[in-house]
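**Q** Given the coordinates of chain A, assemble chain B onto it according to the supplied hints.
Protein chains: 2
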Amino acid sequence: MRVEEFLKEKNINIGDFIRVIKEEDGEEVIYEGYVMPPYELSPGDTLVLKLENGYNIGIALSKIRRVEVIERAKVKPEIHFEAFIEGKPHLPDVTIIGTGGTIASRIDYETGAVYPAFTAEELAKAVPEIFEIANIKPKLLFNIFSEDMKPKHWIKIAHEVAKSLNSGDSGVVVAHGTDTMGYTAAALSFMLRDLGKPVILVGAQRSSDRPSSDAAMNLICSVRMSTSDVAEVMVVMHGETGDTYCLAHRGTKVRKMHTSRRDAFRSINDVPIAKVWPNGKIEFLRDDYRRRSDSEVWVDDKLEEKVALVKVYPGISSEIIEFFIDKGYRGIVIEGTGLGHTPNDIIPSIQRATEEGIAVCMTSQCIYGRVNLNVYATGRRLLKAGVIPCEDMLPETAYVKLMWVLGHTQDLEEVRRMMLTNYAGEITPYTRFDTYLR
Amino acid sequence: MRVEEFLKEKNINIGDFIRVIKEEDGEEVIYEGYVMPPYELSPGDTLVLKLENGYNIGIALSKIRRVEVIERAKVKPEIHFEAFIEGKPHLPDVTIIGTGGTIASRIDYETGAVYPAFTAEELAKAVPEIFEIANIKPKLLFNIFSEDMKPKHWIKIAHEVAKSLNSGDSGVVVAHGTDTMGYTAAALSFMLRDLGKPVILVGAQRSSDRPSSDAAMNLICSVRMSTSDVAEVMVVMHGETGDTYCLAHRGTKVRKMHTSRRDAFRSINDVPIAKVWPNGKIEFLRDDYRRRSDSEVWVDDKLEEKVALVKVYPGISSEIIEFFIDKGYRGIVIEGTGLGHTPNDIIPSIQRATEEGIAVCMTSQCIYGRVNLNVYATGRRLLKAGVIPCEDMLPETAYVKLMWVLGHTQDLEEVRRMMLTNYAGEITPYTRFDTYLR
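Note that the protein sequences, when read in sequence, are chains A and B.
In terms of this note's numbering, the first sequence has 82 at position 82, counting the first letter as 1, and numbering is strictly consecutive.
In terms of this note's numbering, the second sequence has 865 at position 427, counting the first letter as 1, and numbering is strictly consecutive.
For reference, chain A alone in the conformation it holds in the complex (with noise of 0.2 Å):
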């Protein structure tokens, strides 16, 4: 039986979310996913289902028992888009500005692959409840990978979302991928100066076509956020992995720490700021954040981009670090081991880069807790050779600072000053114990 007949016989379409129960070596199996087109290479008598984890199986007919649908394909609802931005006197406005990433995303039928594919307009249309919370100004300023931005599209968004809160924004909402959302809400945390608005960086981990997607949640609470009272950089991620609320995390404290489950993004060594549900309520979890003012902010985007992030391991060799220094890097941050250390034998080529004017700083690879370069011998060496230590700043963020700092001076003293001053809440001087695998 083709495969085509077979899903007209039992009324099932492509997109469909269905069971299928089939036999393996005399056993019941059951799998479960979204029906596929058939693969043009794919023989005709096999169903192809892309499974929850990303993969697509194919399965035989001859060996499909039964089969459920679990929920059909959704059919978007038409909205005519226009009628939504003439505006509400009533309402806030607020520009969300489109990069790229999973939230606009959409599974390609004919490779099985996730495309970033959405247009802002687009995305918004698929989430009408955001255009009840404010008058929503979509704007797609590129459409890329996270893994593809670079210091250049920081820059980019920056200005954008300077102009957008100049203008009269309430706030910015920044659609992002999740990949390197940590690295690009740190990076706008330096660079925006005199901020007055809250600035939203929002992404999704499951593509907004899929019915799994935490694409609309995560943007109702983000576009919630952007009106809020909270003047700073923030990520605005599911805090658990049902449909209850999000976090807002500030953007110098947040990493991504899983590869797929929706409450990847958690606050390091540090309390998020609120919890955020999508009906606008708003639990602030602490009581030190900037608030909203008039200020108008403006974009200090000097960046060194000569900056390396590396990681210490056993059996590292110097020459990576001299690697660094030949080719001209004016900073390097090492994610050492433990309270902030790297093996004896390298430390001759970390002098070597501060004598030759190089910044070196300190961060830890175990991600929570601080750096102490007092304890042991070892940092004590490394202190002695120029290495700056980063208290409990995240190593993705003591790189984004990095390069900010020496944007503005290569003078190695004040590159420290600058370092060991808390811009954006990138420093904790005291950890909470209850910040720990939080």
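Please note that the accuracy of each hint is not assured.
Said to hold, decoys possible - Pairwise CB distance ranges (calculated):
hint, chain 1, residue 1, chain 2, residue 2, range
1, A, Glu413, B, Asp463, 26 to 36 Å
2, A, Arg19, B, Pro530, 30 to 40 Å
3, A, Gly328, B, Ile763, 35 to 45 Å
4, B, Gly634, A, Ile14, 29 to 39 Å
5, B, Pro566, A, Ser212, 54 to 64 Å
6, B, Asp726, A, Thr409, 20 to 30 Å
7, A, Ser212, B, Ser756, 29 to 39 Å
Stated by the list, open to error - To give an idea of the chain A side of the interface with chain B (calculated C-beta under 7 Å), a few residues:
hint, residue
8, Leu141
9, Phe142
10, Asp148
11, Ser260
12, Phe284
13, Phe323
14, Thr337
15, Gly338
16, His341
17, Ser364
18, Tyr368
19, Leu437
Source of the hints: derived by calculation from the structure; they are not laboratory data.
It should be emphasised that the depicted structure is a prediction, and the values quoted were computed from it without experimental measurement.
All residues carry an ideal CB built from backbone N, CA and C; glycine is no exception.
**A** Same frame as chain A, but now just chain B:
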């Protein structure tokens, strides 16, 4: 007043843990720490305290309002070690191999820094409880900081462990610095073949002569576990911050997740093997561990050292990949973003690497979760470039494993097969939901 007189008057001794109530700008500020002897260069009217965070501070005597002794400096019981070594026939034999690290270190009261100092014998003397559990055979193999551990040290430890086990020990405990304990645990997991007995790595987050040290309980629980039924390489460290129980983690799935907390070691993407209490109670958290047997262990110590671990980040230059190619590296483990991605502009260099026969493996810097290169176009491009996706393996474990695999074959197809073969529990076929941030 000189500090010596001050201490005498207050009946305080060097090494006591005290609370100092000090005046600062008209307010009372409290410091707690260990009384240090005055530095050679410190003013005679300054009391030097080592704080719990490792810092030393000097407090002018004139500013001190009150002092309270919280805990007296510990006096170690005098034990005639040789009497213990005689051996009790009803107890199992356990060798404790000393390699250095905090479990065997002390504060140097001259410089205030912590140095590795105890011999394995001194270590054993410090925790008399373990002599009630087993006939302890201490062996100081070397005495280095764990950040200086190299593949050659892993090999030496492996051979020493095998020698002890094959000479009749019930199990072996390896005292090891915590910085790179996870890497060594993974290395022993791959190198010790046909293991029939427990091999425990243990360390301490606080040095053993401090009242707050976790060394004693960790060591007691390690010796308990070394006489258990589990024939695997494990890390045994505090399960909570309190002195309640330890967790026994599988050597390939464990990571130091905090710079300083006693419960820093956590199993990633997997549940620990067991909870272990100092009194000998063991609660197994899983049933699928390797059981004790009579098999003779042997060391498969072929390691290829020309392997690099590279974390990618926005703005990383492909010249870093080119550098490893040109330097003759045989393998590169990438810590990609999200599901296992790199910027697209470095993929041509990755392809050049695989074309030149260099094994390139993908893990995720998210730490939790599993790489999946089938979901997005970037992942598919990386697969096409020949990248080996390492499932839910820790980056550190994948790095160690790739060294070991390349020690056996440099044929890329065979490397791929071996990297995806589960040798020591390094790949979890299905991730349990309750293993995230635990």
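**Q** Output the indices of the hints that this structure fails to meet, ascending.
**A** Violated hints: 2, 3, 4, 6, 8, 9 and 12; rest satisfied.
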